[in-house]
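Spelled out from the first residue to the last, the chains are:
Number of protein chains: 2
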Amino acid sequence: MYATIITIGEEILIGQIVDTNSAWMGYELNKVGVKVRQIISIPDIDEQIKSTVNQSVNDSDIVLITGGLGPTNDDITKQALCQLFGSELVVHGPTLEHIRQIFAKRGLPLTELNSKQAEIPSICEVLHNPLGTAPGMWFDINSKIVVSMPGVPFEMKGIMQQHVLPRLDAFADGVSIVHKTIQTFGLPESFLAERLNDWEANMPRNINVAYLPNPISIRIRLSSSGNSKELIELEIQKQIDALLKLIPNNIFGYENDTMASVVGDLLVNNSLMLAVAESCTGGTIAHLITHQSGSSRYFLGGVVAYSNDVKVSALGVDSHLIETYGAVSQQVVESMAQGVMLKLGSDYGIATSGIAGPTGGTPGKPVGTVWVAVSSKQGVVSERFSFGSDRERNILRSSVSALNMLRLLILSEKKIQ
Amino acid sequence: MYATIITIGEEILIGQIVDTNSAWMGYELNKVGVKVRQIISIPDIDEQIKSTVNQSVNDSDIVLITGGLGPTNDDITKQALCQLFGSELVVHGPTLEHIRQIFAKRGLPLTELNSKQAEIPSICEVLHNPLGTAPGMWFDINSKIVVSMPGVPFEMKGIMQQHVLPRLDAFADGVSIVHKTIQTFGLPESFLAERLNDWEANMPRNINVAYLPNPISIRIRLSSSGNSKELIELEIQKQIDALLKLIPNNIFGYENDTMASVVGDLLVNNSLMLAVAESCTGGTIAHLITHQSGSSRYFLGGVVAYSNDVKVSALGVDSHLIETYGAVSQQVVESMAQGVMLKLGSDYGIATSGIAGPTGGTPGKPVGTVWVAVSSKQGVVSERFSFGSDRERNILRSSVSALNMLRLLILSEKKIQ
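Those protein sequences? They're chains D and Y, same order as listed.
For the first sequence, this note's numbering assigns the number 532 to the initial residue and increments by one for each residue that follows.
For the second sequence, this note's numbering assigns the number 532 to the initial residue and increments by one for each residue that follows.
Just so you know, the hints here were simulated from the structure itself, not pulled from any lab data.
Hints may contain errors.
When chains are identical, the list treats them as one kind, so a pair holds in a single copy or across two.
What the hints assert, rightly or not - Straight-line distance between alpha carbons at most 25 angstroms, and here's what the computed BS3-like set of lysine-lysine pairs gives:
{"#": "1", "residue 1": "Lys769", "residue 2": "Lys908"}
{"#": "2", "residue 1": "Lys647", "residue 2": "Lys776"}
{"#": "3", "residue 1": "Lys896", "residue 2": "Lys636"}
{"#": "4", "residue 1": "Lys581", "residue 2": "Lys566"}
{"#": "5", "residue 1": "Lys896", "residue 2": "Lys675"}
{"#": "6", "residue 1": "Lys874", "residue 2": "Lys636"}
{"#": "7", "residue 1": "Lys908", "residue 2": "Lys776"}
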């Protein structure tokens, strides 16, 4: 079963809001075996609504529409659907009563504009919206399904969860779609693809592979569909097992894992405490860690040592090291990692020092040069990175690389024990 | 001039990512007088790419495409466009050289997959992409414009800003659209709207007002269009001047200003240095500050004092204060702000301590309770906030509120001098 999602509203097209409804709907539809063919955003223009819905009914089995059901004059979705489907607006008693109650609860009089929201195309089935004044509408059009819902995200989600998804689930009987996402770090996309060339070539025909890069990591997504969910999951797991043998160190997690959540789990499961000393990353590592709820179980805190004086006074870095090797050096970053570990009394220390840019580079240390160190009770490891010239990316890449080094160090020390 | 935006990628349709490119593009296109007719998201399927692009070229003057230009096999946008426009892929020398340099800089060999990214449809004009390996492509098709760009947001934005928007701006001669955005903080939307009721009622007919709330601030956008850009800008400025009289303390900036950039400018223009002591914000304030290029001119660094021990050892907070009043208290947060100012030798100190959630609340101090202090040579001010139960929003709101308190303190101390 194929669906088209149509989101209606001028505010989407002028970039005033980001359409997040579609992504949520796509994700939920997938889970009940419905594939989204396309997502179309259009303004509240009568002709465009009618032609887009008409075309979508031809292309797809299901058309899900959000937006344009508000009480003000610019909202015209109901009228457009009436004209397109040859229906007319009639007052729906239970909806009018529901609207009346909402206004009574707020101690407000019922306005004419709002009571008009109880006028519904006569040929549709009303889907009750407990969270707002505009109900959902379910149309059966030439054995295709058309559903119109309000654009307010939580109202749309309520109607989808209570009415639309359960019904579609019942239609799509038998067929399951399974997606598994593997999170990788440390190999650029082309290297990853080359390394996985044979693995991909031997992939069973029914499993689809996609590489989804973002500025810091690459997700590999395996997708398949069929009648037995268990069987598909088993087949996909077999491919993940093969992948784990090919790039064991590069796979850091699955689905919505982040590097910070994976490192957090490693620390808490091994009763380990972390402290950080950040220069070029300027608090971003701490920010990523403390974004995780419960991070106080494994994170003591840290020092943002942006100036050299702070490296010396708060972390105990020998000022001669800075004079001799410069702040962006293996010597200084290792001393920072060990310093923060000692000062704060943690099991592990992370430190960064580099040139985030866009200025401050030298021929020997161009913008994007970053030293990262990770220290443990067993010693300290460090690495020099060369990122590009984009400040934001440098900070993020340095931060995630540092967390990844910590991840690998904890794993290797666990192995040795 | 009407545009259609097409975003390509299975990940959008299955809800793995939210398409934020379109909103950004819609906003920027508007500024150069181009109206977006529709936004369409489709998967990497050859037939669908060709039919959607073909239809869009018929519907619109400009078709902007993002996505599907990666080095892996699932990316097929270039091939589809070649077939649709009757062109063929040829190696583009400067792009190949650019890719070679990117890999050389990272100390990596050039792979065959990546060198294929230099193969470009022969009939297009190449738009250099300094931030990545896939260039943009500009096609003139039957006096319509088709532009294909990578889907990675910052690469797309770079190509749009450097090449596409300036050219489109030159086409839209005569009519100017002017948008001015005023950044406000500290008043909820309904309060702001009520306060500005008369101002809005007296607005000239040709100026449009929009309120754009996000989780932490509310932007007010004034828009107008006409033949004289100067005249429109003058009219809009008159309205901004009136607004400044109504809510002087709530307006912190304009256009793309952030609270951190505004505070950074204030500090650097007055030769002041800042240090931060963060508990519940866990490094986010430092992260927001150091996100600004050049922040080392006014930011010394700080301490992420996540555990109470660190508050005592690194910031010099009296442990009796913590025992008596608790870590989330006026006494402790003021001591933290003054402690970090003294220890790091800055002109101003910021401190936060609170319960970010979702757990850790008590009846007296529920989740969302946050104390913020700002200290200067003249003394210390503090405030207790009650944010909601959402961890991410609490951290961000606390951080921006702290920066706003610093902004107001510097402004008031400047006034007194």
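Structure-based check of all given hints:
no.: 1; hint: Lys769 with Lys908; verdict: neither (38 angstroms within a copy, 64 angstroms between copies)
no.: 2; hint: Lys647 with Lys776; verdict: neither (59 angstroms within a copy, 28 angstroms between copies)
no.: 3; hint: Lys896 with Lys636; verdict: between (52 angstroms within a copy, 12 angstroms between copies)
no.: 4; hint: Lys581 with Lys566; verdict: both (23 angstroms within a copy, 20 angstroms between copies)
no.: 5; hint: Lys896 with Lys675; verdict: neither (61 angstroms within a copy, 46 angstroms between copies)
no.: 6; hint: Lys874 with Lys636; verdict: neither (40 angstroms within a copy, 37 angstroms between copies)
no.: 7; hint: Lys908 with Lys776; verdict: neither (30 angstroms within a copy, 60 angstroms between copies)
Hint check: violations occur at hints 1, 2, 5, 6, 7; the rest are consistent with the structure.
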